[in-house]
Amino acid sequence: MFQGQRGWFCRSVGRDLTQFWVDEGGMVSDAQAADFLFSCDASHPDTQRIYQSLDYLEDNATVFHAYYLSAVANAEIKNSVALGHFVLPPACLQKEIRRKIGSFIWEQDENFLIEKVREKI
Amino acid sequence: ATENDSRMMKYRCSGCITIRKPLNSRNFSKLLHSCLYQCDHHKVIVEAEDRYKSELRKSLICNKKILLTPHRRQRLNSES
Ligand SMILES: [Zn+2]
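Heads up: the protein sequence lines correspond to chains Y and R, in order. Heads up: the first sequence is residues 2 to 122, going by the numbering used here. Heads up: the second sequence is residues 95 to 174, going by the numbering used here.
Derived from the structure by calculation, the hints contain no laboratory data. Predicted, not measured: the structure shown is a model, and the values here were computed from it. Heads up, a few of these hints could be off.
[To be verified] Sample of chain Y residues with no beta-carbon within 10 Å of chain R, all distances over it, derived:
| id | residue |
| --- | --- |
| 1 | Arg16 |
| 2 | Asp36 |
| 3 | Cys41 |
| 4 | Asp42 |
| 5 | Ser44 |
| 6 | His45 |
| 7 | Asn61 |
[Stated by the list, open to error] Restricting the straight-line Cα-Cα distance to at most 27 Å, the calculated cross-link-like pairs of lysine-lysine (DSS-like) are:
| id | chain 1 | residue 1 | chain 2 | residue 2 |
| --- | --- | --- | --- | --- |
| 8 | Y | Lys79 | R | Lys147 |
| 9 | Y | Lys79 | R | Lys124 |
| 10 | Y | Lys101 | R | Lys124 |
| 11 | R | Lys152 | R | Lys137 |
| 12 | R | Lys124 | R | Lys152 |
| 13 | R | Lys152 | Y | Lys101 |
[What the hints assert, rightly or not] Partial selection, computed: residues in chain R whose CB lies under 8 Å from chain Y:
| id | residue |
| --- | --- |
| 14 | Leu117 |
| 15 | His135 |
| 16 | Glu149 |
| 17 | Arg151 |
| 18 | Lys152 |
In this text, a Cβ means the ideal position worked out from N, Cα and C, and glycines have one as well.
Can you make the complete structure from the sequences, with help from the hints?
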């Protein structure tokens with residue numbers, strides 16, 4: 002599923018999810034070389050560095066919540082999961098966004114998703 | 095996860111439904127910006143992030159004006 006893709010993982014991402022990425026053919030890289038930027042915590046210093054980078058300013062770096070990977074692990078058809086639902090905005094914006102749209106997709110069923118990944122590995 | 099599924103069905107902009115095209119962290123934001131119709135979910139996120147970016151840009155310009163200017167000029171010279 003992730004053959005030939007490079008992923009950067011914030012240290013807030015659990016090992017299970019990183020391992021799933023690797024098992025599915027993905028490579029782990031630094032943030033600059035990565036095709037995918039994954040984090041589980043927008044306020045983690047690793048991720049905050051992304052939000053302050055030039056890439057981010059120029060719309061070249063969207064951070065995704067790593068629960069995308071557990072949703073993929075969970076889905077019957079792996080590439081049917083829409084990556085777009087897992088955008089992780091900077092922590093300082095989340096309260097305001099939540100007020101307007103309710104909870105983020107990655108805030109629901111967190112435990113359920115994580116458990117499923119553990120089962121698969 | 096049926097509640098989750100029905101939530102996802104409500105969203106219908108290209109940020110939501112593009113799954114075949116290879117999306118990643120590098121092209122997602124541009125895709126959303128070029129999308130004529132954004133669903134509520136993505137519209138709110140894009141607006142908030144854009145505001146954050148323009149504020150950050152402003153503060154970067156204030157802090158680094160002196161540093162950036164000679165570099166920019168140099169690059170322009172070599173391009174011409
Ligand atoms: Zn959308």
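- Task: Could you tell me which of the numbered hints above are not met by this structure, giving the numbers in increasing order?
- Result: Failing hints, ascending: 2, 7, 8, 16 and 18.
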